[in-house]
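Below, each chain spelled out in residue letters.
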Amino acid sequence: MSSAVGAAPPRHAATPPTPEPTHRRRSYRLGRWDIKYSPYLYVAPFFILFGVFGLFPVLYTVYVSLFEYDLLSGTKEYVGLENYRVLLDDAQFWNAAYNTFGMFVLSTVPQLVVALMIANLLNRQMRARTLFRMGILIPNITSVAAVGIIFALIFADRYGLVNWLLGTVGIDPVAWRDNRYASWFAIAFMVDWRWTGYNALIYLGAMQAIPRDLYESASLDGASTWRQFWKITVPLIRPTILFTIIISTIGGLQIFTEPLMYGFGLIRGGASNEFQTLAMYIYERTFTGNFEYGSGAAMSWLLFLMIVVFALINFAMVRRSVKGEQK
Amino acid sequence: MTTMQTLPRTVTPAPQPPRRRRRAAPGARLWEASPLTYLALVIGSILSVFPIVWSFIIASRDNSAVYEMPPTPGGKLFENIDRMLANEDAAFLYGLVNSAVVSSVVTISVIFFSTLAGFAFAKLRFRGSNALLLVIILTMMVPTQLGIIPLYLMMVELGWTGTLQAVIVPFLVQGFGVFMMRQYAMSAVSDELIEAARLDGCSTWRVYWNVVLPALRPAAAVLGLLTFMQTWNEFLWPFVVLTPDTPTVQYSLKILSSGLYQTDYVALFAGTALATLPLLIVFIIFGRQIIGGIMEGAVKS
Chain A
2 MSSAVGAAPP
12 RHAATPPTPE
22 PTHRRRSYRL
32 GRWDIKYSPY
42 LYVAPFFILF
52 GVFGLFPVLY
62 TVYVSLFEYD
72 LLSGTKEYVG
82 LENYRVLLDD
92 AQFWNAAYNT
102 FGMFVLSTVP
112 QLVVALMIAN
122 LLNRQMRART
132 LFRMGILIPN
142 ITSVAAVGII
152 FALIFADRYG
162 LVNWLLGTVG
172 IDPVAWRDNR
182 YASWFAIAFM
192 VDWRWTGYNA
202 LIYLGAMQAI
212 PRDLYESASL
222 DGASTWRQFW
232 KITVPLIRPT
242 ILFTIIISTI
252 GGLQIFTEPL
262 MYGFGLIRGG
272 ASNEFQTLAM
282 YIYERTFTGN
292 FEYGSGAAMS
302 WLLFLMIVVF
312 ALINFAMVRR
322 SVKGEQK
Chain B
9 MTTMQTLPRT
19 VTPAPQPPRR
29 RRRAAPGARL
39 WEASPLTYLA
49 LVIGSILSVF
59 PIVWSFIIAS
69 RDNSAVYEMP
79 PTPGGKLFEN
89 IDRMLANEDA
99 AFLYGLVNSA
109 VVSSVVTISV
119 IFFSTLAGFA
129 FAKLRFRGSN
139 ALLLVIILTM
149 MVPTQLGIIP
159 LYLMMVELGW
169 TGTLQAVIVP
179 FLVQGFGVFM
189 MRQYAMSAVS
199 DELIEAARLD
209 GCSTWRVYWN
219 VVLPALRPAA
229 AVLGLLTFMQ
239 TWNEFLWPFV
249 VLTPDTPTVQ
259 YSLKILSSGL
269 YQTDYVALFA
279 GTALATLPLL
289 IVFIIFGRQI
299 IGGIMEGAVK
309 S
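Those protein sequences? They're chains A and B, same order as listed.
This note's numbering applies: residue 2 is where the first sequence begins, and numbers increase by one.
This note's numbering applies: residue 9 is where the second sequence begins, and numbers increase by one.
Treat the hints with care, as some may be off.
[As the list claims (entries may be wrong)] Label pairs and their computed distance ranges (CB to CB):
| id | chain 1 | residue 1 | chain 2 | residue 2 | range |
| --- | --- | --- | --- | --- | --- |
| 1 | A | Val319 | B | Leu47 | 26 to 32 Å |
| 2 | A | Ala92 | B | Arg133 | 30 to 36 Å |
| 3 | B | Ile145 | A | Val87 | 23 to 29 Å |
| 4 | B | Asn138 | A | Trp34 | 19 to 25 Å |
| 5 | A | Asp158 | B | Ser137 | 46 to 52 Å |
| 6 | A | Glu217 | B | Ile293 | 16 to 22 Å |
[Unchecked claim] Here's a subset of chain A near chain B, in silico, CB distances under 10 Å, partners left out:
| id | residue |
| --- | --- |
| 7 | Leu82 |
| 8 | Arg86 |
| 9 | Leu89 |
| 10 | Ala201 |
Because the hints were derived from the structure by calculation, they are not lab data.
For glycine and all other residues, C-beta sits at the position ideal for the given N, C-alpha and C.
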């Protein structure tokens, strides 16, 4: 930083040389071109790169899903909706969808509720404010792979930390992988651990934009803090809540790494797929065994539709309920 | 940041400075934290920090003592790190270097393209700019992870599988970054300053490079930190497109955690500790800025 201080003043002090009169006409034309078209040049890289590597693959997934790929000959054959039909008859697909949905609900709901509570706690005058904020955000900077490994041992069947804690209060050890719902709980816990603080900070940012005199007049009217929270805070940060719900839906339904690492890096997600998610099953079908690109693409597209539908449902539900509160 | 302070005239203060000063309102008693608040936050912080501390403790133990309770550190950290690094299949050091390269290139690129496009959207007038900005906001909602199969087929066509450009090029731009820079540029760069630079004969490019970019520096730094951490922690795509010969650090962790090495817990945890440490250092130094960035994103979106 100190070197930047030394270097900065001359850079800013230097005024660009005034254009020479002889070049005026040329630079005038250049200037007009510059003003009219250069903005497109500046925004173009985003649209080109996102279009090629972001949007196009998602849309092309539909095309791929209509083919059956043959690994040996390297050819593909048009099969229409056959891949979708096979999937809808596939028990492992429905199992994965069930797991994904279960983990999603189990992780998102507590995560956002607790985040809201923590944000409310942080939205006060206190000592060591930055320290507390860093304290709750720190899980978010750890990598998902590392988190998966660490929590796999915390929720280990034998000798795991949680089972040890349960043992000290006389509860029998839980089979954290063979029991489907126990595995969902452990994975949801992992997701919550990593994301609650992040969401809390987003809420806190929104809460601090609420004018304080609203609360002051409410407390003069005798409204309790709890009432103020539900009648003032929550309705006023509604756009932010909607935003986090959409983001959590998009992320939560694509969950992959946490269950993968939780099952010691095995793509099957438990001995009988107790915690295999859709993203894991897509990977299993596409990149292991027969490399069924068509089938994987069909599943990706179904997952995409699920995400859209869920995001819209959540959006509608929260908007209505919070609106109801407001009236 | 220091350069900004030397030019107070040119830069209007951002409406939400990352470091919020306490408001000394007279009726502020309502807003003072009660002991119960502190207690809840202390518990929350302990829950947050504990798994990380615990993983470092395991990394310092002997394999025979992994499961011993209560968790107290052992003295074998460096031994375990040595053994973990000696594991050729995981190529952990190589993974660390690869991750550093990938994250740095992606970060610089995202900052460059985001500030460039953000400046155009905030300060330049051009036909269709509102519609294009809306498109950028919508791209944030596209679950691009679902396009990995065509993207993978594309990489096969290009012959990029197993190479670092495969995990760099698709991440060179970011809708969130453009939006964030646009929001910041709206308030941090004054129109008069741009007009003055133009009258002095600056081309649009020079306006960007000499006027806008220095003013955007604080926000660009936050964007850079967030992008670096995100890229460093990326898992699924590197796992799909790279090979164990050219891993990123997360891929190395995956190799360490499965198969034969699953039983060597202390070495595995030495790996998670080393993979987390760089970000932990970044977080301790720049935590305040990162927090400010996350909170501001909320207000502005």
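Each hint, compared with the structure:
1. Val319(A) with Leu47(B): 26 to 32 Å: Holds: the Cβ-Cβ distance is about 30 Å, inside 26 to 32 Å.
2. Ala92(A) with Arg133(B): 30 to 36 Å: violated, 58 Å
3. Ile145(B) with Val87(A): 23 to 29 Å: About 37 Å separates the Cβ atoms of Ile145(B) and Val87(A), which means 23 to 29 Å is violated.
4. Asn138(B) with Trp34(A): 19 to 25 Å: holds, 23 Å
5. Asp158(A) with Ser137(B): 46 to 52 Å: violated, 57 Å
6. Glu217(A) with Ile293(B): 16 to 22 Å: This hint is violated: roughly 38 Å between Cβ atoms.
7. Leu82: Not OK, violated: Leu82(A) not within 10 Å of chain B, min 17 Å.
8. Arg86: violated, 19 Å
9. Leu89: Since chain B brings no Cβ nearer than about 18 Å to Leu89(A), farther than 10 Å, the hint is violated.
10. Ala201: Hint on Ala201(A): holds, closest Cβ of chain B at ~9 Å, below 10 Å.
Comparing the model with each earlier hint shows violations of hints 2, 3, 5, 6, 7, 8, 9; every other hint is respected.
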